[in-house]
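Student: Protein sequences appear in the order of chains A, B and C.
The opening position of the first sequence corresponds to residue 16 in the working numbering, with each subsequent residue numbered one higher.
The opening position of the second sequence corresponds to residue 12 in the working numbering, with each subsequent residue numbered one higher.
The opening position of the third sequence corresponds to residue 725 in the working numbering, with each subsequent residue numbered one higher.
Please note: incorrect hints may appear among the correct ones.
[As the list claims (entries may be wrong)] Derived pair list, reagent style DSSO-like, types lysine-lysine, alpha-carbon separation capped at 27 Å: (1) A:22 - A:355; (2) A:235 - A:22; (3) C:1133 - C:987; (4) A:165 - B:25; (5) A:205 - B:122; (6) C:1306 - C:1026; (7) C:1233 - B:28; (8) A:193 - A:205; (9) B:136 - A:276; (10) B:154 - A:140; (11) A:140 - B:28; (12) B:122 - B:83; (13) A:355 - A:291; (14) C:753 - C:1267; (15) A:165 - B:28; (16) A:369 - C:806; (17) B:104 - B:25; (18) C:1227 - C:1200; (19) A:368 - C:856; (20) A:355 - B:104; (21) B:28 - A:144; (22) C:1231 - B:28; (23) B:20 - C:912; (24) C:1198 - C:1227; (25) C:733 - A:193; (26) A:21 - B:136; (27) A:21 - A:44.
Please keep in mind that the hints were generated in silico from the structure rather than gathered at the bench.
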Amino acid sequence: MENNLKKVDIIFEIDEKQSPLAILEKTVKRPADEIILDLIDSGLKGRGGAGFPTGLKWKFTRNEDNEVKYVICNADEGEPGTFKDREIIDRVPEKIFAGMAICGFVIGAKEGYIYLRGEYNFLLKNLQKKLDEFNAGMKKAGIEFTIYIKSGSGAYVCGEESALFESMEGKRGEPRNKPPYPTVAGYNSKPTVINNVETLVYTTMICHMGPERFKALGTKDSRGSKVFSVSGDTPISGIYELELGMPLNEFVDGFGDGDTKAVQVGGASGHCVPRKKFNDTIIGFEGIPTGGSMMIFNSTRSMYNVLHDYLEFFTEESCGQCTPCRVGCQQLLKGIEAVKRGERPPAYLDDLKKLTATMKIAAKCGLGQSVGNPFNSIIDNFREEIIY
Amino acid sequence: MSTTEVLVKELVEKNGKTRNSLMPVLQGIVHNEHFLSEEALLCVARELDLSAADVYGTASFYTFLDTVPRGKNIVRVCKTITCHMKGKDEIIKALGNALKIKVGETTNDKKFTLLTANCLGWCHKGPVMLVNDDIYPDLTTQKALEIIEEYAKDVK
Amino acid sequence: MSKYLVNLKINNMPIAVEEGTTILEAAKKLNFRIPTLCNHPDLTVAGNCRVCVVEVKGARLLAAACATPVSEGMEVLTNSEKVRIARKHIVELLLAEHNADCTKCFKNGHCELQDLSGEYRIGDHVFLDLVKPASKIQDISSPSIVKDDSKCIRCQRCVRTCTELQGVSALGVVNKGDHQRISTFLNKPLHEVVCTNCGQCINRCPTGALTERNYIEEVWNALYNPAKFVVVQTAPATRIALGEDLGIQVGERVTGKMVSALKKLGFNKVLDTDFTADLTIMEEGTELLTRLKKALVDKDEKVVLPMMTSCSPGWIKFQEHMYPELLDNLSTCKSPQQMFGAIAKTYYADKINIKAQDMIVVSIMPCVAKKFECERPEMRDSGYQDVDYVLTTRELAMMIKQAGIDFDKLEDDHYDSILGESTGAAVIFGATGGVMEAALRTAYEIVTGREVPFTNLNIKPVRGMEGIKEASIKIKSVKPEWSFLEGVELNVAIAHGLANARKLMEKVKSGEASYHFIEIMGCPGGCLGGGGQPIPTSPEIRKKRAEAIYSEDTEMVLRKSHENPEVAEIYREFLGEPLGHKSHDLLHTHYKARKRY
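Produce the complete structure using the sequences and hints provided.
Tutor: Okay, here's the thing in structure tokens:
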């Protein structure tokens, strides 16, 4: 990579002198409120895509008066184009455990769960081994917190936090009505912090290195760094930890194959940015936020196929309970097929765009609400490819 | 008691007799029997005191909790965008020809079921497939066929 | 816990409501109607149809009014541009998935989706038709319920009914995404699963996805057939609800008009199930006293208590599936409908000189499980199928409309005799607690020679809509032949709705409570809330129907089953005595264990 993209090494960094367990032991000696202040100060926002300030989430849950609370690590990484959590789980699981235990200490929870997607079952054996060691380590250190693993079984929507709770409770993974939010009533209807894998590692590292090093990275709205999953038409696909707030053109210069036509930022539910907008697109909460997925398409790719794939994905993976999402996804998919075949006029695409506006505000959860992102950004920028 | 009943009782014993155990119990059955038979579903309903329709409704929500008979080895080829771009169609075609089945079908000897899957989380190394719980990234048609060959020999 | 008041504005009108109130409820207080589909007053909130979305100022998303609690300072718009567009889209999407063949639909004119579509003037379909051809194949395996997936809008009201109200869970949600649907265990036909045929799902289905198996044409054919003598019986709860489907307000009794209409439809004799309700009390009351004697005096271990009523066929099938170990607790009495059929085709046929094979017995019932019941193989004690066709209250209303009868203008008419006489005790069979009350009115008097010690015979403790009711009556100063009951505290319990029945059964099984007699009705509120009653239903509607039933009772000349002169006559002329040989042959039955899963 020959450019000014700032590579960072926080997530995968191994400090020989201080293990994650040692970080944990050190951290739980501090007042919980101080840890929360550090997290708020660091500006860390959730790395799963939604970007809720982590410190606040912990604070709200800490403030709930309840004997039983839970910490859950959302390792249901299902967003197409995203694969960084798998790598994190594989390489630095102890940092995740430590983050969960710190959270448990802060909010007053005794149990933590890692919800690992079924597609990553091959990670289970090693993860369980490391977890057993870590649990034993915590016990030895007198830290009253135990982590368990729960597996998914192939349902993208379970990445939605309330659907994930339902799944853990042995039910269909159907998102719940909100409020109440997880900080009030999550798993087993108890106050729950649910954080993405990467977020938890950052919390460990912020506790380790202090908020300053983290805060120094990124921009005002997007503090810190983030792990990106880079795929598609790139000679160097893989996982990269980069500073947030970079302009997309710099990213493309670094990762593209010289013929980049568009970048899908944020996975199938994210936005498709065409070449002409690379210069003025910032990757971060002030621009286009992302859970880390960057899919690069070069000029040989049909954007119809890309959109078709996404819509097929959402049609199948919608939980099916709410009307805008269940029927809306099918309409979008069949709709572009009908336009392609000439059975509906090109103007029908505009009817469908209006439908996505409804889905965005009326669907029950983030899945249905975000289908319009890829749809509109692809239709708006590659309309001819959809029609002809 | 049938082997299924014994298995379900063991799983319920291990995971606890509560609704929260439903997923691990169903997962355990699929792990052992490759799919959830009517007998298995009824057994789970009885052991966890749930309605059969409820158990079935939950199982049918999850792609990996099959309720139709599957082969000993379940091959799931990722079909989502990057794997599509990198040639999943060729992989599926090659596997289909070699196994003489179409997507969704099971070989006569019940050794293989060929399925597609939504994003498996290996977009940088597509095309990719899962065989049971094992992942095989960076596939070529030849590699895919060799892997299947290994499973056919019961080496794996 | 006292609740805080929350101040908010809806369409710029200020209102203060209790904390925890939903936007939907708050809007209702201001007389703003927000359309709903998945919402139902009897069920928990789902928030899945999204038809009730409203705009909350400052929020990124629209809120589902049914599922969103109010908060301080909230400003809600129920009809903003955003809301209207979204709502219309949602109705259009539902219609895209819906087999909108409305003119041919059994629910034509009684469909909430149709109403909403009309309200929003949904014209040409904007969106593509997504109805799957396979979904158009109806499940007609059940004699009671027809399930048509092509009409289903996935609101899950049926699933919540089956689970929450009835504790049966024969229906569930299966699959996900575009394959999501409402189905049964492994998609088996309704007839093969634990469905009790209670039909409560029908009462709450907003569209034509769940309807009763209708026998209207069969009944017309019988009426037009000169070779057939068609008699009709009407269940207690029909007379207080039929009017609802014929433009008469909820809670108004239409007994006389109903009789009049039935005569106009051409039934040869219009008779009353209330007659056999009285007969049931004689048989069941005697059975109870006999069981008590065997248990308390003879210490007969084969006799089990508590005895449980057996009038409600949904309850019976529930018990056969869920608690086969308690089948011996069920009274062996047939339901009043089936007692009627057996009597009609034997005693009555003889009396009026009609051959049983030429007689057609039609029932008008508040129930769809009765359609299943009449087809049970045990129910052929006359040598023929005792009851030929069962129509719901709704189906009767349709026939009356088809016949062009102006129901509201009908003069009251009287039931034919015999098998038309009844008492107030029979009428109250239609409400939860009614069978219990009727049985107590008679049994207490048989044992003590005195009326039950309640003002005007109104045994208030067994009335009302509480899910499970318990009462005890101390039996004092008994007649010599009942001396073993002297001082006995008779403990009774009543449950309505099968989820409550389940709770009660668990109490019985665990030995936590010891009752002598239990009344169970499968439907919420008892038969007045039956699966065959006019739609809609709600706690409020059922309360009004109950009031109507009790006022009918109060106005009856005779209020106790044993005072029914026709009942006395049939024992004298035909049956001999309660639990006698003839009764055993015609009026009693047995049950069979069915698969629990």
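Student: Which earlier hints can't be squared with this structure?
Tutor: 1, 5, 17, 18 and 27
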